[in-house]
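Chains as they are written, first to last, in the working numbering: chain A, 71 to 308; chain B, 643 to 784.
No wet-lab data here; the hints were simulated from the structure.
Mixed in with the good hints, there may be bad ones.
What the hints assert, rightly or not - Straight line, CA to CA, 25 Å or less: simulated SDA-like cross-link-like pairs of lysine to any residue:
(1) A:Lys218 to A:Tyr290
(2) A:Lys242 to B:Tyr760
(3) A:Lys242 to B:Pro762
(4) B:Lys746 to A:Tyr97
(5) A:Lys218 to B:Pro762
(6) A:Lys218 to A:Val203
(7) B:Lys746 to A:Glu256
(8) B:Lys746 to A:Thr101
(9) B:Lys746 to A:His238
(10) A:Lys150 to A:Gly277
(11) B:Lys746 to A:Leu239
(12) B:Lys746 to A:Thr108
(13) B:Lys695 to B:Ile710
(14) B:Lys746 to A:Asn100
Said to hold, decoys possible - Partial selection, computed: residues in chain A whose CB lies under 8 Å from chain B:
(15) Asp102
(16) Phe103
(17) Arg187
No residue lacks a Cβ here, since even glycine has one placed at the ideal position from N, Cα and C.
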Amino acid sequence: MYILSIDSSATAASVALSEDSRLVGEYFVNTDFTHSRTLVPMVESLLTVTGKNISDVNMIAVNNGPGSFTGVRIGVSVAKGLAFPAEIPCMAISTLESMAYNLTVTDAVVCAAMDARRNQVYNALFRIKGREVQRLCDDRAISIEELKNEITAVYSTERVILVGDGAHLVMKEFADTDCSVELAPEALRYQRASSVAAAAFDHIRQGEEPQSSAQLLPSYLRLSQAERERKEKIESNK
Amino acid sequence: MVCSDMTEYISHSLQDTERIASEIASELSGTEVVAMLGGLGVGKTTFTRGLVKAFGIEEGVHSPTFSIVNEYLNGAVPVYHFDMYRVSDEDDLYSTGFYDYLGKGLLIIEWSENILDYLPEDTLFIELSYGEDMNTRIIKRK
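Isolated chain A, as found in the complex (with noise of 0.2 Å):
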């Protein structure tokens, strides 16, 4: 199975072609925001240097957020775009799980975490264990201090590595704690298609339908309700 994979979630934008879990060739420019120019010729451009064209895509997989907002629109956008006329089915993706897939093979407890501004993260937890990824919670916003908290008390025993644009943020957060938390090296700390490509991969593996283009569609994480909702929280507690 021929999967195209698409991430344009932040600043840098990726495309894969991979063959289950092979991965056949990928193309990745980080260059601030230029997806609604460059991610369409990067996908020719990779079909062309692999010798496919886009009626060997079986599946397209694309992050589709949380991210930057024009991003994730632009990367839904083109895959839904590519998909619309063959209905080469589709496969959404969590940008923090494709982020997980960065590091299978460590057995640790992986925290991705993407800039939200204003002390809060994008954030979501996975447990890897050989080539298994286990979600450990839904994809959320959440200030900094109480994912530190968070780690703190349930994680402490175990080995936490961090990755995504906010991963810095955290390392930051858990400077003056015993808590230690390891920043993922550099080449594995981004988004990448290559990994949402494995995480599409194993999704199928587990069962799971693909959807059409239809059905694709972006997955903002709002912040104000999580807010609303903390605040809601603390009130009830009073």
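Put chain B on the given structure of chain A with help from the hints.
Then chain B, alone, in the frame of chain A:
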């Protein structure tokens, strides 16, 4: 350079307002957030025009009340001109792409009253208000 102390200017005409704006522009590097405060007709767009001109942009400047953001890309730095009149909460703000623009150029924001909680800490505020007569405006930067 962004000063934390307040400076006050008095404008007696549209030209005055543009001149004051270009004076302030000369101290900007082009990656700042300039937030305008002040009601209808007080000169926010005129002030913006002065700022934009100072960066070598000749395009016509008008309030992006409908489009929310105008991009002026032909000057010394990219200038992004926002109108937050119709933006009322952080979900709205996120969906304007505002966070994607931060640090990418000079951001000028009209009706910044609507998003005060979400502006970066080092935002330069320009407050415009009416003066003693019809043509006079008080411009405070803080």
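Failing hints, ascending? none
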